[in-house]
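So the chains spell out like this:
Protein chains: 2
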Amino acid sequence: MNTLELWQRYLDWLYFNEDLGLYLDVSRMRFDDEWVAALEPKFAQAFKDMDALEQGAIANPDENRMVGHYWLRDPDLAPAELKNEIVENLDKIEAFVGKIHKGGIRPPRAPKFTDVLSVGIGGSALGPQFVDEALASDFPPLAIHFIDNTDPAGIDRILNRLKDRLSSTLVIVTSKSGGTPETRNGMMEVKHAYEQQGLDFAAHAVAVTMLGSKMDELERNEGWLAEFPMFDWVGGRTSEMSSVGLLSASLLGIDVHAMLAGAKTMDLATRTPEIKRNPAALLALSWYHAGNGKGEKDMVVIPYKDSLLLFSRYLQQLVMESLGKEKDLDGNTVHQGIAVYGNKGSTDQHAFVQQLREGIANFFAIFVEVLEDRNGASIEIEPDVTSGDFLFGFLQGTRQALYENHRDSITVTIAKVTPRTVGALIALFERAVGIYATLVNVNAYHQPGVEAGKKAAGTLLGLQRKILAVLKSTNQPLELAELAEKVGASDQVEQVYKIVRHLAANQRGVVLLGDHGKPDQLGVSYKSLVN
Amino acid sequence: MNTLELWQRYLDWLYFNEDLGLYLDVSRMRFDDEWVAALEPKFAQAFKDMDALEQGAIANPDENRMVGHYWLRDPDLAPAELKNEIVENLDKIEAFVGKIHKGGIRPPRAPKFTDVLSVGIGGSALGPQFVDEALASDFPPLAIHFIDNTDPAGIDRILNRLKDRLSSTLVIVTSKSGGTPETRNGMMEVKHAYEQQGLDFAAHAVAVTMLGSKMDELERNEGWLAEFPMFDWVGGRTSEMSSVGLLSASLLGIDVHAMLAGAKTMDLATRTPEIKRNPAALLALSWYHAGNGKGEKDMVVIPYKDSLLLFSRYLQQLVMESLGKEKDLDGNTVHQGIAVYGNKGSTDQHAFVQQLREGIANFFAIFVEVLEDRNGASIEIEPDVTSGDFLFGFLQGTRQALYENHRDSITVTIAKVTPRTVGALIALFERAVGIYATLVNVNAYHQPGVEAGKKAAGTLLGLQRKILAVLKSTNQPLELAELAEKVGASDQVEQVYKIVRHLAANQRGVVLLGDHGKPDQLGVSYKSLVN
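Those sequence lines, one after another, are chains A and B.
Following my numbering, the numbering of the first sequence begins with 23 at its first residue and continues without gaps.
Following my numbering, the numbering of the second sequence begins with 23 at its first residue and continues without gaps.
No lab work stands behind these hints, which were simulated from the structure alone.
One thing to keep in mind: the hints can contain errors.
Identical chains share a label here; the pair holds if one copy fits it or two copies do between them.
What the hints assert, rightly or not - Here are the computed lysine-lysine pairs in the BS3-like style, where the Cα-Cα straight-line distance is at most 30 Å: (1) K134 <-> K185; (2) K134 <-> K124; (3) K124 <-> K185; (4) K540 <-> K494; (5) K488 <-> K438; (6) K105 <-> K540; (7) K316 <-> K349; (8) K105 <-> K316; (9) K349 <-> K121; (10) K286 <-> K477; (11) K114 <-> K213; (12) K213 <-> K438; (13) K124 <-> K488.
Given the sequences, and given the hints that come with them, work out the whole structure.
Written as structure tokens, this is what we have:
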């Protein structure tokens with residue numbers, strides 16, 4: 023196609039939402055009308071499925087759950103018995119945050135809360151982190167910090183930097199089931215730090231969890247400051263507009279009503295049962311075309327805006343955890359998914375775009391363009407050219423260079439980064455994932471593969487307990503194979519080795535004797551023996 | 023293979039460097055001895071090429087350059103005329119940093135420098151960012167901030183947060199050529215902020231650039247505080263052990279001698295011309311096996327340690343910019359490369375590991391394990407189990423779960439995160455990339471594809487200047503096509519549209535008239551007309 027034909031294609035396929043000031047351009051995806059027409063029946067089904075989901079069907083059959091994140095933005099659509107819960111919860115969050123900001127709720131030993139420490143992982147961290155980075159002002163009412171892992175050194179770093187302000191720090195612990203080990207561990211480490219300083223943890227702690235969960239029980243027993251519900255029908259990776267995202271965003275002074283309104287407006291737009299007029303359908307269509315409905319191409323997400331740096335990491339979870347499935351809904355083995363990565367432009371042009379432009383063509387790109395460069399006017403870097411013009415030029419130039427080299431791309435354009443547009447972006451990709459899942463016939467709302475690693479870890483920790491018990495009760499060094507035998511794991515020498523190697527590095531009394539480069543010849547001893 | 027056979031394979035292939043306390047385990051890559059033997063001749067060539075490179079051969083033929091980042095760690099290996107430059111530069115950095123820390127060099131209006139603002143992009147940012155995050159203490163002697171883009175809003179955020187400390191902020195501007203637009207723009211924006219506060223920018227500014235570059239000239243004319251050289255024979259993505267990385271690391275109080283020593287030790291180990299005893303060769307072998315020498319599998323890098331979060335982003339550049347090439351060294355079209363992504367474990371297990379475990383099998387994983395959980399002892403979360411045990415268990419469990427599902431992985435294990443081990447990790451992957459490049463016969467040291475996007479951007483900015491000139495001299499609104507014709511770009515209506523849309527959003531006098539959803543029907547006006 024020559025440039026004028028491409029311009030016509032741009033016009034033909036451009037989606038524009040006036041209300042949101044949002045454009046979606048799929049003109050640089052190389053599908054043709056015939057191919058689109060052949061997919062119409064699949065889309066008709068997807069629109070129907072999505073409609074049923076919004077009516078409260080069991081859209082997550084494995085877990086026998088409704089999927090209701092769309093109701094959070096428009097409670098009138100929710101089943102009658104849920105509507106009030108949604109509305110009341112938002113009111114409750116606002117009332118709580120208002121009191122925190124004004125000092126009506128305050129910590130025992132400080133006039134006001136100054137910091138928020140958010141403990142949570144996965145869906146309980148990525149949304150809040152993305153929204154914080156995108157939308158918090160340069161000097162928000164409270165400073166936020168995240169513990170999103172069970173890494174002791176990482177926890178220590180956060181707690182050490184906060185040590186002089188723990189007494190004025192509000193701790194939010196977020197876990198839907200209340201049993202996520204990383205979150206439970208983080209909470210216990212934080213609690214320990216409070217106790218070390220003689221502070222009352224409960225007076226600083228807020229739970230975000232499902233009613234009836236272990237954490238709900240703990241919170242009640244210990245009398246925490248507050249609790250906000252996670253709903254059974256909201257999954258972790260679509261929980262940004264539930265208590266998970268709204269509480270921390272409100273605390274940071276972000277206008278959550280605008281975020282909800284943006285998402286609601288996008289939800290409305292993405293209900294349109296016509297591909298060309300539905301931006302989520304256009305995205306799903308493009309993804310399907312790029313990867314042949316099998317994820318054959320990676321999705322490289324490059325927002326040209328520093329504040330959207332975490333968008334690709336957020337989408338990594340939303341897309342990969344939703345679509346990356348072994349079985350389809352009929353039980354066939356399909357190994358679906360789409361790999362997602364990216365950081366930000368034009369920075370990435372100085373990192374991996376060399377490969378995108380010239381190297382292996384195993385991807386398609388999603389550019390996110392923000393029209394407003396900054397709040398206010400810019401200095402000129404060269405006559406009639408600003409820093410923002412360069413950013414704009416690099417985006418357009420890269421899009422063009424990729425296209426000329428037969429690499430497809432999508433461009434999403436928003437007027438500026440606001441709570442409204444960020445809410446709309448989240449809703450746009452949520453719906454695109456939902457539609458794409460129907461096209462490829464997978465359950466987008468469960469994550470069965472996450473359990474395998476957890477189970478294996480549980481087995482390992484069980485083995486560790488046995489090893490420590492044996493070592494403590496033996497009064498001489500053991501050969502590795504001998505130790506494995508004694509704990510009833512003769513076939514698990516590698517695991518036994520890994521466990522004692524890790525214990526030996528962490529002041530746990532275990533000492534390894536011999537040449538560390540020859541693990542099978544190591545002796546394992548316990549401290550009381552060595553001393 | 024059963025678990026005992028796997029244990030034997032683990033022992034057979036385990037690489038251990040006692041000096042560094044570093045293990046490399048490739049036992050979960052499914053190659054066999056016969057396949058390895060068939061590759062021996064290719065490796066023999068790679069070892070020879072690497073040797074020639076270290077002797078000063080023109081290893082980057084397109085740019086007619088030597089490739090000398092290995093000399094930075096062992097100046098005795100450098101050509102005689104370069105040795106002194108390396109040694110003297112390190113001395114100079116140390117002397118400068120010592121004076122900054124002690125106040126011997128101080129800003130005009132403050133007793134001491136309190137902050138560092140690093141302006142640079144790509145290789146001039148990713149290394150310093152990674153090393154800062156990995157190694158800086160919780161309270162370093164100076165706080166560091168980065169401007170690594172030409173995003174006006176991103177620049178404003180950094181400068182606004184720093185506004186009360188600009189007078190005690192040291193600005194490092196890093197650009198090898200001195201002509202990188204993003205860095206030049208960032209520098210001008212920062213300079214403008216200094217001028218707005220009536221501060222003398224030059225008295226706060228340090229240049230890191232090549233002698234004779236535009237920035238070198240500017241620095242001399244304006245009399246900046248200091249300048250440190252970038253050497254012609256060090257590429258951006260391998261510049262962490264040059265002035266680029268050493269200056270900022272030293273300012274943060276990081277022991278750069280230990281970092282260099284760790285890299286030197288690894289360099290020594292990776293010169294061994296025997297695959298099984300050379301960890302970089304083992305990595306390159308594994309990558310080659312995973313992707314069939316064509317990058318058919320993505321490389322997913324998951325360090326189980328918060329402080330190593332940016333390692334995958336650092337490797338994204340190192341690997342993708344080095345290997346992602348259209349042509350091989352003989353001019354054949356090959357479209358090489360390996361896509362890299364990842365964040366950290368176990369956090370990623372709650373994000374995209376669902377897809378890794380069950381979904382599309384288009385990747386191999388590299389786990390990075392750190393044996394020491396934290397500095398000091400841990401509380402018990404459950405009897406005999408700590409937070410760190412969980413982290414360890416999740417890594418081992420995920421490795422096992424992936425393997426059982428026929429997904430291969432590599433595990434790199436270090437004793438702890440120190441300047442020495444971080445230096446070793448950088449050197450390990452640098453050499454692995456160099457060896458792999460020889461295996462697939464590409465130039466790992468140039469980046470020709472980066473130019474295409476830049477050129478297209480330059481053309482666009484040229485078009486913008488013409489558009490503004492025409493609009494300023496016309497006294498009535500123009501149709502889009504008319505405007506395109508007037509600037510001599512009748513075939514570039516799309517570009518013209520994008521330019522005026524961007525200008526209209528940024529207080530540049532341009533106004534778009536009509537329905538924004540129908541770009542071809544828009545009128546374009548200039549402010550003076552509208553008023």
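Taking the hints in turn, this is what the structure says about them:
1. K134 <-> K185: Both. Shortest intra-copy (16 Å) and inter-copy (25 Å) distances satisfy the 30 Å Cα cut-off.
2. K134 <-> K124: within (8 Å within a copy, 37 Å between copies)
3. K124 <-> K185: For K124 and K185, the Cα distance is within 30 Å both inside one copy (23 Å) and across copies (26 Å).
4. K540 <-> K494: Answer is within; shortest intra-copy Cα gap is 24 Å, inter-copy 77 Å.
5. K488 <-> K438: For K488 and K438, the Cα distance is within 30 Å only across copies (26 Å; inside one copy 57 Å).
6. K105 <-> K540: neither (63 Å within a copy, 39 Å between copies)
7. K316 <-> K349: both (13 Å within a copy, 28 Å between copies)
8. K105 <-> K316: Answer is neither; intra-copy 37 Å and inter-copy 54 Å both fail.
9. K349 <-> K121: Answer is neither; intra-copy 48 Å and inter-copy 63 Å both fail.
10. K286 <-> K477: neither (39 Å within a copy, 41 Å between copies)
11. K114 <-> K213: Within one copy only: 25 Å inside a chain, 47 Å across chains, cut-off 30 Å.
12. K213 <-> K438: Between. Shortest inter-copy distance 26 Å satisfies the 30 Å Cα cut-off; intra-copy 40 Å does not.
13. K124 <-> K488: neither (52 Å within a copy, 53 Å between copies)
Violated hints for the displayed structure, listed by number in ascending order: 6, 8, 9, 10, 13.
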